[in-house]
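Can you make the complete structure from the sequences, with help from the hints?
Each chain is listed here by its residues.
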Amino acid sequence: MIRDGTWDKKDFISILLITKSEMECIDEVAKVFDRDIPDEEINPKFLVYRQKESTLLEGKNMASLFYEPSTRTRLSYHEAMKELGGKVNGFSVGTGSSEAKGETIYDTIKMVEVWADVIVMRTRTEGAALRASEITHRPVHNAGDGSNQHPSQTALDRYTIKKEFGTLENLIYTFAGDLKYGRTNRSLLDEISRNNPKEINLISHPIVPMSDDYLDMLRDKNIPFYQYFEKEKLAECIIKSDVVYISRPQEERFVSIDPKEKDEILNFIVLTASMLKDIPYDKQSKSVKPIILHPLPRKNEIHINVDNTPFARYFKQAANGIPVRKALLCLTMGVIR
Amino acid sequence: MSTEHEAIIKSGKKEKVIKITGLDNGMVIDRIGEGESLEYIKILHIKKGDPVLIGMYLPSKKRGIKDIIKMENRYLSEEEIDRIAVIAHLSGKTPTISEIRNGKPVKKIDTTLPQEIFKVIRCSNPLCICSKEPHTTDTRFTVIKTNPLLIKCYYCTRTMKEQEITLL
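Here the protein sequences line up with chains A and B, keeping their order. With the working numbering applied, the first sequence closes on residue 808, and no number is skipped along the way. With the working numbering applied, the second sequence closes on residue 185, and no number is skipped along the way.
The set of hints was computed from the structure by calculation and includes no laboratory data. This list has only true hints and no planted wrong ones.
Lysine-lysine pairs mimicking DSS-like chemistry, simulated, CA-CA at most 27 Å apart:
1) A:581 <-> B:149
2) B:78 <-> B:121
3) B:169 <-> A:692
4) A:633 <-> A:516
5) A:558 <-> A:481
6) B:169 <-> A:480
7) A:692 <-> B:162
8) A:523 <-> A:558
9) B:178 <-> A:651
10) A:481 <-> B:169
11) A:491 <-> B:169
12) A:634 <-> A:692
13) A:491 <-> B:162
14) A:491 <-> A:516
15) A:731 <-> A:651
16) A:651 <-> B:169
17) A:692 <-> B:178
18) B:36 <-> B:79
19) B:136 <-> A:581
20) B:162 <-> A:651
21) A:770 <-> A:760
22) A:633 <-> A:523
23) A:692 <-> A:651
24) A:651 <-> B:149
25) A:633 <-> A:651
26) A:553 <-> A:634
27) A:748 <-> A:633
28) A:481 <-> B:136
29) B:149 <-> A:481
Structure, rendered in structure tokens:
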């Protein structure tokens, strides 16, 4: 069924500021740019955009302000912009920004809005993209703000889950890894929690648990959830889950954690192919469960021997970043309505 | 109705009446919790030349003991009223605020905690934009629960409990 969401936002800052209908809209527009999707599965009113994809953002400039390191997000935003005919200018951490001279985000935004049609920013400072969206009339995309939000990652996570299961509803989810500092977990939990999940499992080292405000949110919404601090629970939860979302320990944010505990956290979640070997799957069927997702980059929380199992979806998930970010650029700039 | 206040002070067997003169125009913050008036004075940024009367530890029929502040020709901004509401909520003793015109109280000002609090509370997250760039970004919090107080930063979305709250 083609659902017809509507988009009514200038910016893309936080999942909490985007309605369910707008998320549906992102999915529908992303399909236009997804080469896996045949024409007949695209909303007919959007089909025209597939034909003129390479010129949709002709003459438009993107300011790419990356105050923190990024590979996938930055490159997929750049690639999305270029493939739509637009141009990219900006900086990534340590290369040519005036932040080192003490320039405020306020001043940087005031400068780039002169030439930029859209601003994509990643910062260590939390709430920076939201503040930027108040400063400028140009569309602002939050490409990650500290431990807070990473909404474009959530949009592509959601798109990947929907591509697999056709829905986000009534599924069992397991989140494993650094649940305290991993912003992708928080953003995805915001999205899942409004899509009627069947059950949520949260597995982490006790030093990096999901924050209390999110646990309260799940309680308030009467969502069945279980919090585990034992690494052995991972194998148990994998068997019953539809989606297993693993994330990297955010080592760069471990300021006051002692080295011994840091080591424990780094080796707490390690998924290997042997943990998946007894999970039944139908070789003929396209649908497999659970699917293993990871926002990448990974360290050692998913062994490379998982890559060739039928459950791994993290590289496909990363590839979905380009059609989803193309959709986000077109929608926020008002090119697709 | 006069805006003059009287307090009877007992000293040994003697009783003494202290009169706190009324205002022509200005604001009275009355029924402040005992000894808390200085907390309010700190946030009011009284300028040189602004006449202000402060009464502390005065007997009160309703409160037992109270403080009072009277400010001549000085009116409170919405931001200052919000600050007072936060201090009052944290202390658990809500004062009354009256606006005085021509010697008469013309308006009672509500000091219940607003749903959104602007430019009053410091965000406890040092990585929040309002902590890192305070000159360009005013703090803004949403009240999630009032008892005990739980607030959420509009920018970084972190929640803060009552014991974590500090004023700007």
